[in-house]
Amino acid sequence: MTETKFHVGHDGNSHGLFNSYDEAEIYILKERGWTDEEIKNDLAFAKKECSKYGGDLFADPGKMPLWFITEIEMEDGKIVKVDGQSYRDYLESIGGEEGSGEYEADLKRMNAYYLLRRS
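Counting from 1, position 53 in the sequence shown corresponds to residue 53 in the working numbering; the numbering is continuous, with no gaps.
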């Protein structure tokens, strides 16, 4: 059975694995200082304004966002897709070919990152 999770990362550091995109988004907003009341009352408006003017909820004005939400699909506790791309293809795109030492090192490192495990 496939299970979808949403991984939150900030500036290369893993912060959490959430059951929904909304949970991940709320986590980031709280880390950025938003209160529950602001999320309830202002989030829809802020999203609309970001969409209209090209802003990003997770970044300071004029800066690149350092917060990222990545969709992870898993089967039996193992990653099978990252943002819709097969995990094997994703790993090959950032490192070596499957079966190489570089690929195995990336597999271990990325499993630790996405699944919140120490490598």
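Just so you know, not all the hints are guaranteed correct.
Unchecked claim - Derived lysine-lysine pairs resembling BS3-like cross-links, with alpha carbons at most 30 Å apart:
(1) Lys52 - Lys108
(2) Lys108 - Lys48
(3) Lys108 - Lys5
(4) Lys48 - Lys78
(5) Lys48 - Lys5
(6) Lys40 - Lys5
(7) Lys63 - Lys52
(8) Lys30 - Lys47
(9) Lys78 - Lys52
(10) Lys30 - Lys40
(11) Lys78 - Lys40
(12) Lys63 - Lys78
As the list claims (entries may be wrong) - Derived CB-CB ranges, DEER-like:
(13) Glu92 - Thr4: 21 to 27 Å
(14) Asp42 - Glu102: 31 to 37 Å
(15) Ile39 - Gly62: 34 to 40 Å
Hints in this document: simulated from the structure, not taken from any laboratory. Beta carbons are placed, not taken as given, at the ideal position from N, Cα and C, and that holds for glycine.
TODO: Would you pick out the hints that fail for this structure and give their numbers low to high?
DONE: When the structure is compared with the hints, numbers 1, 2, 4, 9, 11, 12, 14, 15 turn out to be violated.
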